[in-house]
Amino acid sequence: MQLATNDVEITVGRETLFLRPTLRAAFRLEQKYDGFDKLIRELFTGRLSAYGDVIKEGTGQRSALTDYLDNAGDTPLAVSLDLLVGPMCDFIVSMTGDAEAAVEASKGKPISFKEYHTRLYRIATGWLGWPPEVAWDASPAEILEAYQGRTEMLAAVFGGKQEDGNKTLDATKGEVSSAVRAELNALGDLTNTTMAEVRG
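Each residue of the sequence shown is one higher than the one before, starting from -19 at the first, in the numbering used here.
All the given hints hold, so there is nothing to weed out.
List of simulated lysine-lysine pairs, DSSO-like, C-alpha gap at most 27 Å:
| # | residue 1 | residue 2 |
| --- | --- | --- |
| 1 | Lys89 | Lys12 |
| 2 | Lys89 | Lys18 |
| 3 | Lys94 | Lys18 |
| 4 | Lys12 | Lys94 |
Derived DEER-like restraints, expressed as beta-carbon distance ranges:
| # | residue 1 | residue 2 | range |
| --- | --- | --- | --- |
| 5 | Arg(-6) | Ala135 | 43 to 53 Å |
| 6 | Gly26 | Ala136 | 46 to 56 Å |
| 7 | Phe(-2) | Pro90 | 25 to 35 Å |
| 8 | Gly88 | Ala44 | 36 to 46 Å |
| 9 | Ala136 | Lys12 | 37 to 47 Å |
| 10 | Phe138 | Gly66 | 39 to 49 Å |
| 11 | Gly109 | Val65 | 34 to 44 Å |
| 12 | Phe(-2) | Gly106 | 26 to 36 Å |
| 13 | Tyr48 | Gly139 | 50 to 60 Å |
| 14 | Arg42 | Lys89 | 36 to 46 Å |
Read the hints as simulated data drawn from the structure, not as lab findings.
All residues carry an ideal CB built from backbone N, CA and C; glycine is no exception.
Model the full structure from these sequences, guided by the hints.
If you want it as structure tokens, here you go:
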């Protein structure tokens, strides 16, 4: 997996911009254009406001360039859009997460990008315990990699797979044996003062 430390670089005139594929940018652009496919189509047809939207969301800020692109209409542009469309499409693809994992996981039920990005947000703020602002500023690839690390840590701490009677449990999926569950429940019982009483 390639993490998003390699922001996408574009140069417009004398200005070099770095587009970071954050969850916030992915969610906003996908929703505004009702799909990444439609956004890419807008870029290929030369819609300047689409270029402005990608730059605003990728850089996280407005600039004189994005204001110009938003209001340019049919005004000629001194920059060749052909030089921008490739890097911008790379940026859009990077907002979809890990392409290698997507190929492996393609056996499951397809979901929309809205649902996918919502799940990533839930993973970041729930499973990983990140504050919302950190979750929005992380890339999908970073969230997926951190989640993988968290599940590996949980498997190492609680055991990857355990036997519970006749059922095989997988700690990476949140399954815990009845013995461990009983110990955890007993910890909340204030009448227990020693581990022997907890295990008792």
